[in-house]
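Asks: The primary structure of each chain is shown beneath.
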Amino acid sequence: AQSVTQLDSHVSVSEGTPVLLRCNYSSSYSPSLFWYVQHPNKGLQLLLKYTSAATLVKGINGFEAEFKKSETSFHLTKPSAHMSDAAEYFCVVSDHGLTGGGNKLTFGTGTQLKVEL
Amino acid sequence: DVKVTQSSRYLVKRTGEKVFLECVQDMDHENMFWYRQDPGLGLRLIYFSYDVKMKEKGDIPEGYSVSREKKERFSLILESASTNQTSMYLCASNSDRAWVNTEAFFGQGTRLTVV
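If you're matching them up, the sequences are chains A and B in order. Taken in order, the first sequence gives residues 219 to 335; the numbers are from this note's numbering. Taken in order, the second sequence gives residues 19 to 133; the numbers are from this note's numbering.
No lab work stands behind these hints, which were simulated from the structure alone. Some clues are possibly wrong.
Claimed, not checked - Restraint-style ranges between C-beta atoms, simulated for each label pair:
no., chain 1, residue 1, chain 2, residue 2, range
1, A, SER221, B, GLU80, 39 to 45 angstroms
2, A, GLN263, B, LEU59, 49 to 55 angstroms
3, A, GLN263, B, ARG32, 32 to 38 angstroms
4, A, SER288, B, VAL133, 38 to 44 angstroms
5, A, LEU335, B, VAL70, 35 to 41 angstroms
6, B, LYS21, A, ASN259, 46 to 52 angstroms
7, A, LEU225, B, SER85, 17 to 23 angstroms
Claimed, not checked - Derived EDC-like pairs (lysine to aspartate or glutamate); straight-line CA-CA distance at most 20 angstroms:
no., chain 1, residue 1, chain 2, residue 2
8, B, LYS21, B, GLU40
9, B, LYS89, B, GLU35
10, B, LYS75, B, ASP44
11, A, LYS260, B, GLU121
12, A, LYS260, B, ASP56
13, A, LYS267, B, ASP56
14, B, LYS88, B, ASP56
15, B, LYS21, B, GLU80
16, B, LYS21, B, GLU97
17, B, LYS21, B, GLU74
18, A, LYS267, B, GLU40
19, A, LYS267, A, GLU233
20, A, LYS276, B, GLU121
Built from N, CA and C at the ideal position, the CB exists for glycine as well.
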């Protein structure tokens with residue numbers, strides 16, 4: 219079975235300082251991993267994805283994440299936070315279905331990022 | 019522009035009613051999903067489907083059923099709505115041709131209140 223653990227439910231940073239949102243996963247197969255962002259009253263938007271190519275993945279809005287198989291981690295980082303980054307972030311793992319078809323997406327519980335002046 | 023469309027943004031239903039939530043995607047995706055989103059719990063998978071007439075239970079299928087008669091449409095059914103099913107419901111779709119798991123596209127969500 220696959221699972222995702224987001225280690226922090228809330229993270230608060232000052233504008234202009236680095237962001238680190240932590241994610242650990244468990245998967246029986248070679249997984250695909252994603253980070254999604256959800257701004258208040260908005261839909262979910264893909265930030266970036268890892269699908270067994272380069273382990274350092276660059277996404278939109280200056281975010282990036284590094285896949286570390288030995289640590290089963292996929293932490294999300296950004297060098298300098300902006301006020302517009304305040305949102306909820308979800309780490310997602312996907313591997314091929316165990317019962318013959320489809321790829322089940324499993325979400326973490328989310329990390330609320332607060333950016334202060 | 020790719021699109022996943024959920025039929026309602028807001029719904030209010032009474033306890034015991036049968037409730038249908040509809041989702042349509044225009045991307046010819048094989049896979050479709052229904053999640054519910056609750057504060058502090060993230061998104062939890064209710065059911066998913068990887069082909070027409072195929073369905074698989076997710077993590078919290080109790081009290082729900084689904085229907086996928088056409089590739090583009092995936093319906094979530096609350097057989098007898100209860101107050102603990104008050105939540106935001108999100109539909110998503112993606113493709114996994116060649117076993118590569120692709121980005122999932124989400125609808126805007128349906129906020130269901132059961133009174």
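Asks: So, for every hint listed, does it hold in this structure?
Replies: Taking the hints in turn, this is what the structure says about them:
no. : hint                                    : verdict
1   : A:SER221 x B:GLU80: 39 to 45 angstroms  : violated, 20 angstroms
2   : A:GLN263 x B:LEU59: 49 to 55 angstroms  : violated, 20 angstroms
3   : A:GLN263 x B:ARG32: 32 to 38 angstroms  : holds, 34 angstroms
4   : A:SER288 x B:VAL133: 38 to 44 angstroms : violated, 51 angstroms
5   : A:LEU335 x B:VAL70: 35 to 41 angstroms  : violated, 52 angstroms
6   : B:LYS21 x A:ASN259: 46 to 52 angstroms  : violated, 19 angstroms
7   : A:LEU225 x B:SER85: 17 to 23 angstroms  : violated, 38 angstroms
8   : B:LYS21 x B:GLU40                       : holds, 14 angstroms
9   : B:LYS89 x B:GLU35                       : violated, 27 angstroms
10  : B:LYS75 x B:ASP44                       : violated, 24 angstroms
11  : A:LYS260 x B:GLU121                     : holds, 18 angstroms
12  : A:LYS260 x B:ASP56                      : holds, 15 angstroms
13  : A:LYS267 x B:ASP56                      : violated, 24 angstroms
14  : B:LYS88 x B:ASP56                       : violated, 29 angstroms
15  : B:LYS21 x B:GLU80                       : violated, 28 angstroms
16  : B:LYS21 x B:GLU97                       : violated, 27 angstroms
17  : B:LYS21 x B:GLU74                       : violated, 23 angstroms
18  : A:LYS267 x B:GLU40                      : violated, 28 angstroms
19  : A:LYS267 x A:GLU233                     : violated, 25 angstroms
20  : A:LYS276 x B:GLU121                     : holds, 15 angstroms
Consistency with the previously given hints fails for numbers 1, 2, 4, 5, 6, 7, 9, 10, 13, 14, 15, 16, 17, 18 and 19, ordered from lowest to highest.
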